[in-house]
Amino acid sequence: MLESVQPFASPPPSGGGDGELVGLLAASSRGDEKAFARLYDLTSARVYGLVRRVVRDPAQSEEVAQEVYLEVWRQSARFDPARGSAAGWILTVAHRRAVDRVRSAESAQERDRRYAAVGEGPAYDVVEETVTARLDSVRVRRALETLTDVQREALTLAYFGGYTHREVSDLLGVPLGTVKTRMRDGLIRLRDTLGVES
Amino acid sequence: MTPDVHALSGAYALDALTPDEAAEFEQHLASCEACRAEVASMREASGALADVVAEPAPEQLRASVLAGISAVRPLPPESADEPAKDELAQRRARRAPRWLAAAAAILAVLAAGATVRAVQLDRQLQSVVAAGDDVTRVLTAPDATTATARATTGGRAAVVSSAALGEAVLVTDGLPPAPAGSTYQVWYLNGSGAPTSAGFVPSGDRSAVVLRGDLATATGVGVTVEPAGGSTAPTTTPILAVQV
Chain A
9 MLESVQPFAS
19 PPPSGGGDGE
29 LVGLLAASSR
39 GDEKAFARLY
49 DLTSARVYGL
59 VRRVVRDPAQ
69 SEEVAQEVYL
79 EVWRQSARFD
89 PARGSAAGWI
99 LTVAHRRAVD
109 RVRSAESAQE
119 RDRRYAAVGE
129 GPAYDVVEET
139 VTARLDSVRV
149 RRALETLTDV
159 QREALTLAYF
169 GGYTHREVSD
179 LLGVPLGTVK
189 TRMRDGLIRL
199 RDTLGVES
Chain B
5 MTPDVHALSG
15 AYALDALTPD
25 EAAEFEQHLA
35 SCEACRAEVA
45 SMREASGALA
55 DVVAEPAPEQ
65 LRASVLAGIS
75 AVRPLPPESA
85 DEPAKDELAQ
95 RRARRAPRWL
105 AAAAAILAVL
115 AAGATVRAVQ
125 LDRQLQSVVA
135 AGDDVTRVLT
145 APDATTATAR
155 ATTGGRAAVV
165 SSAALGEAVL
175 VTDGLPPAPA
185 GSTYQVWYLN
195 GSGAPTSAGF
205 VPSGDRSAVV
215 LRGDLATATG
225 VGVTVEPAGG
235 STAPTTTPIL
245 AVQV
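Protein chains in written order, with our numbering: chain A, 9 to 206; chain B, 5 to 248.
Treat the hints as calculated values from the structure; they're not laboratory data. Only a predicted model underlies this, so the values are computations on that prediction, with no experimental measurement involved. A hint or two may mislead.
Stated by the list, open to error - Derived SDA-like pairs: lysine to any residue, alpha-carbon spacing no greater than 20 Å straight-line:
# : chain 1 : residue 1 : chain 2 : residue 2
1 : A       : 42        : B       : 167
2 : A       : 42        : B       : 233
3 : A       : 42        : A       : 27
4 : A       : 42        : B       : 147
5 : A       : 42        : A       : 53
6 : A       : 42        : B       : 224
7 : A       : 42        : B       : 197
8 : A       : 42        : B       : 245
9 : A       : 42        : B       : 70
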């Protein structure tokens, strides 16, 4: 067995204004509400869009997005720039909150309906339908296109659909082990194509 | 712990594990720096997916968010809401120099697949601590890379090398004691020429030693069993070999 690992995480390239977000988080941790307002303006479209994609219901999405920002505010001192970008951290909080909401609030019946709705078409249509002329999204969409169908479907069902890996396995009719592998190698490919690192 | 626990990194980064599975994986993460780095990089990638679905937030959301935060105070750094843990973390931070985290990461790589609790890890580190500052310098080098291998005798080893320093450290874990009258000798391997001696593996269940010789021309590191005192060239089949 011979494996090479990179045990020391290096800071990510702070492109796309992440350096500003890092500074705003630091200021927020000292109670600077103006800095937090600026942070909100820089991130709210991504945070709200992601939450809404997962949660779907607009009123609930608003509630969740508010919880997300409250958590980001409260936890701002705990953000560690050595471990990843500020945007990545905020979106991790947002995604987790959104997923928690759909998993806890949802009755079995609703969940079945959600299964059915997603099952009607290929999962990546979920992405395609919302793609606008946004420059960032063009880059990400291109990266998504480099994935295999199963990788892309596993990723989008989990990330945008909020499904667990077992549910994704059921939805795609693919063994659980395969789903785990596709999620992992799909993310690695996406990461390498986008040139993001942590 | 399932043997393929590393494979869960993707599902974990996508929040696609159940709470029980996530808790189990987090236990693994605590001892696996490689997985922590992988999950962190995957989260950057999944976060980029949010670009695709970005949409303007409702206008009233901004006002409610800002009203909401003005009613609460940001938490201080560390876990002030978990006093016991906080105190422990502070004690650790006081006595743990920067390189300790690096050494912990190396040992975690060596222990990959097994659950290593923090307390056990601390104890394991004592032998590495004893290895001193030269080891530290290499383990904490910004460009340090790690390659690991299993020994045919049982046990594992990792070579941590820094091209910038031109130095490498061999870390071992669980090698059986060398047979009586013999010693583990370390060799720098290079593609064409003869292996050159790079020193000896210190005795002990776990060890760390800075290798002698020229890292720049080396393609690998090997360990052989040699008569006590060492040989000028390997006389037995390597019990382990690591590419550098």
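Each hint tested on the structure:
no.	hint	verdict
1	A:42 <-> B:167	violated, 45 Å
2	A:42 <-> B:233	violated, 69 Å
3	A:42 <-> A:27	holds, 17 Å
4	A:42 <-> B:147	violated, 38 Å
5	A:42 <-> A:53	holds, 18 Å
6	A:42 <-> B:224	violated, 55 Å
7	A:42 <-> B:197	violated, 65 Å
8	A:42 <-> B:245	violated, 57 Å
9	A:42 <-> B:70	holds, 9 Å
Hint check: violations occur at hints 1, 2, 4, 6, 7 and 8; the rest are consistent with the structure.
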